[in-house]
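J.: For reference, the chains in residue letters:
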Amino acid sequence: MRPVSGDDRLSAALAAEHAAIFGYGVLGPKLDGALVDAARQAEIVHRNRRDVLMVRLTDKGRTPPPAEVSYDLPFAVTDRAAALRLAVTLEEGCGAIWRLALPETAGEERKLALDALVDTAVRATRWRRAAGTNPPTVAMPGVPN
Amino acid sequence: MRAVAGGESRRDGGGLSVASRAGMPAAVTLSGVWSARRPRRAVLTGLAGLVATAVVAGCDPFGSAPPPGPHALDPMVTATRALLARYDAAIATFAELAAKVGFVRDDHKAHLAALVAATGKPAPTNPVPAPTTSAPPADPTATVAALAAAEQTAAEEATAACLAAQPAYAALLGSIAACHTTHLEVLK
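Protein sequences, first through last, are from chains L and H.
So for the first sequence, our numbering puts the first residue at 1; every next one is plus one.
So for the second sequence, our numbering puts the first residue at 1; every next one is plus one.
The set of hints was computed from the structure by calculation and includes no laboratory data.
Please note that the accuracy of each hint is not assured.
Calculated cross-link-like contacts (lysine-lysine; reagent style DSS-like; alpha-carbon spacing at most 30 angstroms) [as the list claims (entries may be wrong)]:
1. L:K111 x L:K60
2. H:K121 x L:K111
3. H:K109 x H:K121
4. L:K30 x H:K121
5. H:K188 x L:K30
6. H:K188 x L:K111
Could you put the whole structure together from the sequences, leaning on the hints where they help?
T.: Laid out in structure tokens, this is it:
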């Protein structure tokens, strides 16, 4: 079997970013007040990372995985609590995928992966705080529970 | 492989699992995206275990005691012990801080355990050097501010360590860097 390359990891990260963008589009309307802006900001960050990945993978001669038409959500997002839970899920999911890219990358690409892992961890913490989850942090962001 | 619409069951090159629905475009499950690399993670974890075992064994086929030589993660172990000691001292001095920073201290404990395990050496038992800062903060607010400053430094150190690390330690150090940054968020 061909070993997993850094580009494979970046492609997986792009697939995760596509899914996160979709997820924020679903959960945003269930939030209110300042959280709406927080969701919008998060979505922008995921879109920016998606764009960076698409350019980078294309430049390297890879075909970036496209966004899917739709994604099945892990649970129904019918209210604020579910929206916050999905937001945490999205950030944790992206963080886990980006963390896997760290060992397979170096230099600028590892920096890209680390920045993404840090960002997803911080956003997950903010969403947990908004949901009243205690503790709001995890010791090893990106390691599945 | 490009997505095929129309409810066909498929699996693309990224290993995404797909829930097909009759008459509708196939929808990818979010959990499928997250778990896309799980099997490989298991393999990698297994490899990490082998590496750790090799380190413990000192790469010695006769299995003698590990060499007590320096390890790349030693500075992180030392820094984490010092940071942990600061939290212990803060909570010992101001018991009311336990609710606010107790879980942060627990995160650092987990970091220390993971770092020590990765070095393959026994947990250090020598005394932790006292912080080089001047007098301890006089009140809880100043104490939290001082802890936040220490977290900032720790985040920067872990970030630099991750970027420079050999592949075997990049993910561990990345998670620690990310965790420190989340601490800044809760210590605000």
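J.: State for each hint whether it applies.
T.: To see whether the hints hold, each was checked on the structure:
Of the pairs offered as hints, the one joining L:K111 and L:K60 holds, with about 17 angstroms between alpha carbons and a cut-off of 30 angstroms not exceeded. Of the pairs offered as hints, the one joining H:K121 and L:K111 holds, with about 29 angstroms between alpha carbons and a cut-off of 30 angstroms not exceeded. For the proposed pair H:K109 and H:K121, the alpha carbon gap of about 17 angstroms is at most 30 angstroms, so the pair holds. This hinted pair does not check out: L:K30 and H:K121 have alpha carbons roughly 50 angstroms apart, beyond 30 angstroms.
With a C-alpha separation of about 27 angstroms, the suggested pairing of H:K188 with L:K30 holds against the 30 angstroms cut-off. Distance hint between H:K188 and L:K111 is fulfilled; the C-alpha atoms sit about 25 angstroms from each other, no more than 30 angstroms.
Of the numbered hints listed earlier, the single one contradicted by the structure is hint 4.
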